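**Q** Can you make the complete structure from the sequences, with help from the hints?
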Amino acid sequence: MQSSRWFRIVPFVSVVTTLALASITGCGSEPSTSPSSTGAAGGDTSGTGGGGMGGGGAGGMGGGGAGGLGGGGAGGTGGMGGGGAGGMGGGGAGGMGGGMSGGEFRFELPERWPGLPGNLRLLSDLNGDGRVDAYLSSPHIMQNHVVFRFAIAQMDGTFNQTHEVAFSGTSSASISHVGDFNGDGHVDLFIAAGIPRYLLLGHGDGVFDAPVPVDIRWGAFGDMNGDQRDDVVEVDTYNNEVRVHLAQPDGSFVLHSKQVRDLDLAVLADIDGDGDRDVVGVNWTGGIYVLPNDGTGQIAASIEIDDGSQWTSVTTMAIADFNADGRDDVVFGVKDFLGGLVLVMLGEASGQLVHGSQYPTRLPQDLDVADMDGDGYDDVVLVSQPMAVTSNDLVEIFYGDGLGGLGDRRGFWNTQGSTVSHLRDVDGDGLTDVVLAATHVALNKGNRELKAPPLSVVYDGEDGGDTLNWVDFDGDAKPEFVIAQNNGPLEKYAFDAGLRLGAPELCTGAGTAADRVVRDVTGDGHPDAYVVANGTLRLWLGAGGCTFGSELMPLQNAWNMQWVDLDGDALLDAVYAPSKQIEVALATAPGSFGPPVNTANTTRCYVAPAADFNGDATVDLACFDNLTQSLTFWMADAGHHYSQGQQFTWSVNEELRNPKALDVDGDGDQDVLGAVVTNSVRLEVFLNDGTGNFTRSTLLDNIDAVGHYSVGDFDADGAIELVVPNNQKKTGVHRFTSEGTVTHLFDYEAPRGMDPYDVDHDGDLDLTYTYSYSNRMVVAVVRNLRF
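For the sequence shown, our numbering assigns the number 630 to the initial residue and increments by one for each residue that follows.
Keep in mind that the hints were calculated from the coordinates and are not lab data. Mixed in with the good hints, there may be bad ones.
[What the hints assert, rightly or not] Below are the EDC-like pairs computed for lysine to aspartate or glutamate, each with C-alpha atoms no more than 20 Å apart in a straight line:
#1 887 <-> 865
#2 887 <-> 923
#3 1107 <-> 1153
#4 1107 <-> 1389
#5 1209 <-> 1254
#6 1074 <-> 1103
#7 887 <-> 813
These figures come from a predicted structure and were not determined experimentally.
**A** Dropping the structure here:
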């Protein structure tokens, strides 16, 4: 079993709000904010778990941000029938207009279908009114039966349940095909519920007859003999047979023909252009075959198109006409030894399929075909697993050129674990939208973009130990994305107009050490690179662009270091914490420091938000130590010595994560937030009275187990918002009040681990999602659609 590669995220410093932040190494990163009177504010770093004093200076003390050693681990086309323009009905706040609404801002994410209760899934137009209806499959495992409940979409966007159908003798059931099996023009359903399968004949009003058992295994569906009824081409993997069952007017099936062939997947396509559907199938080794149809449903012996030796399996396939010659072509989602391919094969008049174009991708899971950009050519919508095998993170659209090619591709962040269930015009604007997992919609914005976060698969290198940096290299206040490879050079990626990352630029200098952090620590506007390794600060001064000078080693014993401008000269000074000590080294020139000022006999200080907690214009520290389950405030004097202030403790089985310093209640002083992790996770706040005395309380209970959270002024109104995952798939957005409590604004459905940056440079905070698995990484940008 592969384990996730750990990495750390380092913040991009940009003036975007009026909030001053100080924060630390954690599972994510915050933006820095506008400076106070004493210097530029900083942001925090990330990774899960920590080490390093990490993050940094806010509270008007300038500098701040990254620092510290350590860091943490971090079938068939269309096929759903029915429907038409405007078929969504209702809507409500946030509607299908793009983004989850609440407060004065919203995020551009795939949205839940309006009016759809949480337990229903979209199906098809069951009653011919142009709206997509829904169903619920409820297994009752102890009773060994499954109940299907059907619901009809109303004009106001709600759903009314019509009736239910029960299947006995099974604990699972799914809808294999939506079609018309008896030729009466009404929607029927083919149900997979063990053996036998079942047929539900519809009345055209959302009501179905009782289930009729059908002795047919899984297969492909379509009219094989031109009688306007859907037939079944059965794929019997146990007996290595392909059998054609012709549908009858009474809803029964007659076995018409069969051939010996070991297939696992099949679709029906007119690849020779003679007007009837042939069988195109693949077997478990990835071999591709064609079984010609004579127009009556009689299939001939299979023709081998490819033996599949270049890949390991075919996971999904669909039909289209990619070269506009009137013959069906087939697109395959193929897994190979490096990940996967999208493979196009073109139909020939001879009945053969010939290799067309192919495109590397990541572990393809599901695909479908439609004209997504309105140019008259078929495009491919693919769901794949670029990361862990438990999450379908990536939706890619491959745009057809009408000549058989799919050269222009765009990636989007998916709702977790989805499939492509519908491709249809949801909002009536003439553009095809993407319905995901039968519950969510990514609306088509035109110009080959969806209302879903643009996503990039940006890395394919060495496994382990990489640091991710958000850096402004060219002074335009827009972040670039920098990966410090373990034992490799720095790689810089710029965002294009669609907020996807382009090709990497390799930086020169800055060595090859793991955990390098990139940021301007000398105040000259050029990003520098550094790492603390075995207590030694290794520093490469930036020479402009992505070029760095020779290595310097100006500090020793600099464990748990962070950068803070202590004296207001724009040179960031070093605050670090050897065992039970706090040391301060003032920068005297770029890369040079004066003798350290030492405070001995302190508590351990593994991670310490830095801020002026008591209002005396010095930088204080909030040191937390999970060996003693304590958070201790250390107050600085003008000579940079520290004396102990308040100390807070937790139970022996509890751990504090991701402490951040910021003014949560808007009273002008710096408070502290932190996630307390035990059997359940809670978010605690330490409210400052302005003199460095704190009152502790629980802000939120039962948040996500990782303890990650983010803060920022997302709507630029001066109030601070809090973004906290409720669980692995849903995140809550809250707003701080003047009492230091929070008001819930809204939830959105997305995985944990998102952090705020103004990526599109429009003055508000967007959300970024970065995830690494093995030697691959995705970066997604969730736009803030501020009202």
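**Q** Run through the hints listed earlier and report the numbers of any the structure violates, in increasing order.
**A** Numbers 6, 7, in rising order.
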